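Chain residues, written in single-letter form:
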Amino acid sequence: GEDVEQSLFLSVREGDSSVINCTYTDSSSTYLYWYKQEPGAGLQLLTYIFSNMDMKQDQRLTVLLNKKDKHLSLRIADTQTGDSAIYFCAEKRAGNNRKLIWGLGTSLAVNP
Amino acid sequence: DTGVSQDPRHKITKRGQNVTFRCDPISEHNRLYWYRQTLGQGPEFLTYFQNEAQLEKSRLLSDRFSAERPKGSFSTLEIQRTEQGDSAMYLCASSPYGLAGYNEQFFGPGTRLTVL
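Chains as they are written, first to last, in our numbering: chain V, 1 to 112; chain R, 113 to 228.
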C-alpha cells in the first residue's frame, strides 16, 4: 500500500455524507477503483473511474478524481449503518493489465 | 452461486506443516489472481494466471509458495513448511479477458490461515 494512501478511520452520523480520500503516486494510472469489504465477506467493487474523467456519479456514490494532484475521493450521500465497512482505493497502471495496487483501507463507522 | 469460491474458509495449522488452498473462479473468467491480506492492510498481489499460464509472480511469493492452474479453471495455492508470518487471509479473484476496459476483479470470500 505504499503507493496508495488513505486515512485509516472515518466516523459519521447516519444520514450525513461521508467522504473518503485517497492519494496515489503513479501518473500512469488508467483506472481507479473503490472496493468495499464487510466483515467476513469478500471485497466488492463499488465503483471505478477512468483516468480521463474527473467525476462519476452512481446513485448515492460520487467519485471525484483530481489527476493533477493524484487525489481520488468517494462521497457517500445519506450514509446508512449498512455502509459501515472498510473502503479500499486501488489503481491499475498503464501497461499492467493485471494486478491492482491497493491502499490500506479506510474503516467507516456509521453511528445511529 | 456463480461467484468466486474458495476452500477452506479457515485453516489452522502448526508451523512447519504444508497447506493447500483451492479457488474456483467464475466459469467464463480466464484471469485468476491470488492476493494476501493481513490485518490492517490492503491486499498484496501474489500471482496471476491467464488461463493455465502463470504470467506474473510477486517477490512476496517465496520458494515455499507455489500456485497452479492446471486446466485453466480452478487454481491451488500451496504453502510448504508454513511459518507464523504466513498467517493471513488469502484472497482469490477472477476477471474476464478484455483488450481494454476496467478489468473488474471479482473476489472470493478468502481463506483465513492461522499458523500456530
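In case anyone wonders, no lab produced these hints; they're calculated from the structure. These numbers were taken from a predicted model, which means no experiment stands behind them. Possibly wrong hints are sitting among the right ones.
Here are some chain R residues pointing at chain V (derived, C-beta under 10 Å) [what the hints assert, rightly or not]: (1) G115; (2) Q118; (3) H141; (4) R143; (5) F186.
Over the 10 Å line for every Cβ pair with chain R, so calculated as not near, a few chain V residues [said to hold, decoys possible]: (6) S7; (7) L10; (8) S11; (9) Q44; (10) Q59; (11) S73; (12) D78; (13) K99.
Cβ coordinates follow ideal geometry from the N, Cα and C atoms, glycine included.
Taking the hints in turn, this is what the structure says about them:
1. At about 8 Å, the closest approach between the beta carbon of G115(R) and any beta carbon in chain V falls short of 10 Å, and the interface hint on this residue holds.
2. Because the smallest distance between the Cβ of Q118(R) and any Cβ of chain V comes to about 9 Å, under 10 Å, the interface hint for this residue holds.
3. The criterion of a C-beta within 10 Å of any C-beta in chain V is not met by H141(R), whose closest approach is roughly 13 Å, and the hint is violated.
4. For the restraint placing R143(R) at the interface with chain V, the shortest Cβ-Cβ distance is roughly 7 Å, inside the 10 Å limit, so the hint holds.
5. Using the Cβ-Cβ criterion of 10 Å, the hint placing F186(R) at the interface with chain V is not satisfied: the shortest such distance is roughly 17 Å.
6. For S7(V), the condition that its CB be more than 10 Å from all CB atoms of chain R holds, with the nearest at approximately 13 Å.
7. The Cβ of L10(V) lies farther than 10 Å from every Cβ of chain R, with a closest approach of about 15 Å, so its non-interface assignment holds.
8. Interface exclusion of S11(V) from chain R stands, the closest Cβ pair being 17 Å apart, more than 10 Å.
9. Some Cβ of chain R comes within 10 Å of the Cβ of Q44(V); the nearest lies about 7 Å off, and the non-interface call is violated.
10. Against the 10 Å criterion, Q59(V) stays outside the reach of chain R, whose nearest CB is about 18 Å from its own CB.
11. In this structure S73(V) is separated from chain R by more than 10 Å, as the shortest Cβ-Cβ distance comes to about 17 Å.
12. Residue-level check passed: D78(V) sits 25 Å from the nearest beta carbon of chain R, beyond 10 Å.
13. Consistency note on K99(V): stated as away from chain R, yet its beta-carbon is not over 10 Å from all of that chain's, at 4 Å minimum.
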